[in-house]
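**Q** One letter stands for each residue in the lines below.
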Amino acid sequence: MNLKGSDEKHYIDKYLREDRMPHIWCPGCGLGSILHCFLSGLIKTGISMDKVVVVSGIGCTGRVAGYLKLDSFHTTHGRAIPFATGLKLANPKLKVVVFSGDGDLIAIGGNHLIHAARRNIDMTVICVNNFNYGMTGGQLGPTTPLTARTTTSPIGNYERPFNVPYLAAASGAVYVARWTSMHVRRLEQTITEGLLKRGFSFIEVISPCPTVYGRMNRQPTGLDQLRYYRENSVIRHGADPKEVDIDLNGKIVVGKFIDIERPTYSDLLDEVVQKAFEPELPKPDTSKKRATVAGSTPK
Amino acid sequence: MNRDEIILSGLGGQGIILAGYILGKAASLFDKKNATHIQDYGPEARGGACRTQVVISDSKISYPYIDNPSVLAVMSQEAYTKYSPRMRQNTVLLADEDLVKLKKSKHASLFAVPATRIAQELGRVAVANIVMLGFIIAITKVVSVEAMKKAVFESVPKGTEELNMKAFDRGYSYGLEKLKTVKGEEK
Amino acid sequence: MPRVGPLVGEFFMNGDTACAEGAISAGCRFFAGYPITPATEVAERMSARLPEIDGIFVQMEDELASMNAILGASWAGVKAMTATSGPGFSLMMENLGLGVMLETPCVLANIQRAGPSTGLPTLVGQGDMMQARWGSHGCYSIIALSPSSPQECYQLTIKAFNLSEKYRLPVLIMSDEIVGHMSEKVVIPPPEDIEIFSRRKPTAVPEEYLPFEPDADLVPPMANAGEGYRFHVTGLTHDERGYPVMTAEAQDRLVRRLVQKIEQNKTDIIDIEEDGIDNAEVVVCSYGISARVSQFAVERARDEGIKVGMLRLVTVWPFPEETIRQISQRVKAFVVPEINYGQIALEVERCAGGAADTILVPNMGGSAHRPETIIDAIRGAVR
Numbered sequence: 001m002n003l004k005g006s007d008e009k010h011y012i013d014k015y016l017r018e019d020r021m022p023h024i025w026c027p028g029c030g031l032g033s034i035l036h037c038f039l040s041g042l043i044k045t046g047i048s049m050d051k052v053v054v055v056s057g058i059g060c061t062g063r064v065a066g067y068l069k070l071d072s073f074h075t076t077h078g079r080a081i082p083f084a085t086g087l088k089l090a091n092p093k094l095k096v097v098v099f100s101g102d103g104d105l106i107a108i109g110g111n112h113l114i115h116a117a118r119r120n121i122d123m124t125v126i127c128v129n130n131f132n133y134g135m136t137g138g139q140l141g142p143t144t145p146l147t148a149r150t151t152t153s154p155i156g157n158y159e160r161p162f163n164v165p166y167l168a169a170a171s172g173a174v175y176v177a178r179w180t181s182m183h184v185r186r187l188e189q190t191i192t193e194g195l196l197k198r199g200f201s202f203i204e205v206i207s208p209c210p211t212v213y214g215r216m217n218r219q220p221t222g223l224d225q226l227r228y229y230r231e232n233s234v235i236r237h238g239a240d241p242k243e244v245d246i247d248l249n250g251k252i253v254v255g256k257f258i259d260i261e262r263p264t265y266s267d268l269l270d271e272v273v274q275k276a277f278e279p280e281l282p283k284p285d286t287s288k289k290r291a292t293v294a295g296s297t298p299k
Numbered sequence: 001m002n003r004d005e006i007i008l009s010g011l012g013g014q015g016i017i018l019a020g021y022i023l024g025k026a027a028s029l030f031d032k033k034n035a036t037h038i039q040d041y042g043p044e045a046r047g048g049a050c051r052t053q054v055v056i057s058d059s060k061i062s063y064p065y066i067d068n069p070s071v072l073a074v075m076s077q078e079a080y081t082k083y084s085p086r087m088r089q090n091t092v093l094l095a096d097e098d099l100v101k102l103k104k105s106k107h108a109s110l111f112a113v114p115a116t117r118i119a120q121e122l123g124r125v126a127v128a129n130i131v132m133l134g135f136i137i138a139i140t141k142v143v144s145v146e147a148m149k150k151a152v153f154e155s156v157p158k159g160t161e162e163l164n165m166k167a168f169d170r171g172y173s174y175g176l177e178k179l180k181t182v183k184g185e186e187k
Numbered sequence: 001m002p003r004v005g006p007l008v009g010e011f012f013m014n015g016d017t018a019c020a021e022g023a024i025s026a027g028c029r030f031f032a033g034y035p036i037t038p039a040t041e042v043a044e045r046m047s048a049r050l051p052e053i054d055g056i057f058v059q060m061e062d063e064l065a066s067m068n069a070i071l072g073a074s075w076a077g078v079k080a081m082t083a084t085s086g087p088g089f090s091l092m093m094e095n096l097g098l099g100v101m102l103e104t105p106c107v108l109a110n111i112q113r114a115g116p117s118t119g120l121p122t123l124v125g126q127g128d129m130m131q132a133r134w135g136s137h138g139c140y141s142i143i144a145l146s147p148s149s150p151q152e153c154y155q156l157t158i159k160a161f162n163l164s165e166k167y168r169l170p171v172l173i174m175s176d177e178i179v180g181h182m183s184e185k186v187v188i189p190p191p192e193d194i195e196i197f198s199r200r201k202p203t204a205v206p207e208e209y210l211p212f213e214p215d216a217d218l219v220p221p222m223a224n225a226g227e228g229y230r231f232h233v234t235g236l237t238h239d240e241r242g243y244p245v246m247t248a249e250a251q252d253r254l255v256r257r258l259v260q261k262i263e264q265n266k267t268d269i270i271d272i273e274e275d276g277i278d279n280a281e282v283v284v285c286s287y288g289i290s291a292r293v294s295q296f297a298v299e300r301a302r303d304e305g306i307k308v309g310m311l312r313l314v315t316v317w318p319f320p321e322e323t324i325r326q327i328s329q330r331v332k333a334f335v336v337p338e339i340n341y342g343q344i345a346l347e348v349e350r351c352a353g354g355a356a357d358t359i360l361v362p363n364m365g366g367s368a369h370r371p372e373t374i375i376d377a378i379r380g381a382v383r
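Residue numbers (the working numbering), protein chains in the order written: chain Y, 1 to 299; chain Z, 1 to 187; chain U, 1 to 383.
Bound conformation, chain Y alone (with noise of 0.2 Å):
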């Protein structure tokens, strides 16, 4: 995109496709500023473009790959987390990025994100969350507060909802950290610090949908929803995750929660490869002898 007036370039452009552009998302959609964040705080990691793969699921958040001049993989709805895993432990150099929506990595996805982050593998989750299913029109989430009203809750929710980064910190993650569109600063200082953190970074950002969620919870533009977290937000560094539950247009807690040390998948699959078998793989053997393999006779 040309700035207004000028012929001059804005500097995350060369990692958009602009022959995709305008995007699908609606006015006042936090998508566009949560990208720009994760593009600027990507390029200050400086890590080489070459290596960097975003996984996405299906759903709003999901159109994201699409918009990346990166290697960049829309998979199917859920499956972003196995689908990055087999590409972080088939190349271990690769910078593995997922991003998605929270009906997609919460709800149809939510048995692989605890998984990969019990196994701490070393890859960063983006969870773009706007407590709904803005896609297919609006419908109840996971994340939905109780009593917000949906498409598929008109008279309120009556589900209680998860607390994203107490699921992902309980479930293994070696960061987790939460902040909304609005604090595009933070939020891209925080993804520059998730994507060189070793093992499994988890970062959740509050995201507004004015054309189905906000509508229907009194705040139907994107202008009101970024006031409420103006409003709302409180800054707590270090807070325990199992309190930073949202209710419906209540205080909604950011910050980075969990910042430790953890063994990957790949530092402890090295370990026990190291210590089971000889250093050197042996040539092929060409003389016929038989060689017996680890449990290779029957029970």
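Bear in mind the hints are in silico, worked out from the structure with no lab data behind them.
Just so you know, these numbers come straight off a predicted model, no measurement behind them.
Glycine included, C-beta positions come from ideal geometry on N, C-alpha and C.
Among the clues, some could well be false.
Quick look at which bits of chain Y chain U covers, simulated, 3 or more residues with Cβ under 8 Å [said to hold, decoys possible]:
no. : segment
1   : 65-78
2   : 82-91
3   : 195-205
4   : 270-277
Computed far set for chain Z versus chain U, every beta-carbon distance over 12 Å [as the list claims (entries may be wrong)]:
no. : residue
5   : K60
6   : D67
7   : T81
8   : T91
9   : K101
10  : L102
11  : H107
12  : A126
Fit chains Z and U to the known structure of chain Y by using the hints.
**A** Here is chains Z and U on its own, set in the frame of chain Y:
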């Protein structure tokens, strides 16, 4: 076409499947015959009746199943009750005499061995399957002794080779003795 | 523990283990799976073998994850496979479709057990043959191979990898519980005697690379992630650039090619084994363990003087339509034994087009056919 059809049976945990595997391996890799090994698979592996089927043939084996075995080895009462009705007129029946109460008058060709007791004497009841293998080979000669020894040595857990070779030898010599004295007329 | 490296020589091993060894010979260095009888032995063997040859074995949380993980690994440039059975195969259908859509080389072994649902977990079935063909939603073509012995489990797994790399799609190995659990001699040749095909790499510079622009064989060259091509791929209907295009025209163009790249290359893909077809009055057509039992029945029937041929489908999908059509002009009937209530028999009937009868010999699963059942069907067919 020579086709030996061997059923080994007993209880899960006795090493029946491994015994069948060793037999098939010996025939296939060391006697250079065709052999198939099938295991009954499932909860049986953990304590119930257990069976393995080994077919050994000079020609290609297209059908790996055994309806009526030419050799039947039983290491439990349940296995005996279940599989002995499937015997042919001339099926060679081999049994662990301490574990199976046999209707001796019914069988024309019966050979009994205290396989488990011999294994106990050797210090490990777990090698009863290999004692039985030695016995089977002495009586039936379905596989050569040399092939069996190689297969046993290669297939048992590392560190237990010596004990298992001893177990095989004990079963084998018990079988040779048995042939001298009774020649299959234990009635 | 010393590292074993590639095996060479003669082994007495079961079909599942041989399948794992075939994968290793083919260059597979990534396995993701979830334990399920009777496919577990493939995973167990891989868990023992891959770490020592610097490969990755990962046990995932379910079969959905397993299938996705191998797709991801393949895009990272590593040959990858999974193995499953019954309910696990159903779960893998979702992302088998993604593999087809993203044109991702990988191998999925289904060691079939009897269903529906949990069915008979430890006993044989061949009830997933149509699921293999049509199991994921939408329209596509697939390749499926069916081994009849542990030796063939080894060889067809190599072939499956080669075909998947050549035609850029998931290739299915439709084995079964009996073949998977049966031990038999398996000969593993030295690596230099094994023919290996790896995906064609793009020749275009990254700026000009179109990830879905096909070559003459309708297969696009494939860049791996991290090589600087900065490509985008999506499960949505897409154009040559890999960009989503939500039109009937784009759909037509893409799906036609996905189907045609298999249909157009059928002669290269299809492998069948014929025995005594030329002067046969009746032909038994089967696959997997059922083909083995059929062979036994055919030989007995020949002893009775019946002119019976044997057609074994090594490749089940794409279906050898032309072969069946030609044979149907000269024989009275096809006899089709399979461990289901008629799946491949429907294909045989379709291709015979009324020129010859199709006699199904069904078996609901739990055991192989009794040879007498097949012999009776052969006798009935010539009567």
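**Q** Check each numbered hint from earlier against the structure, then list the numbers of those it violates in ascending order.
**A** 3, 5 and 6
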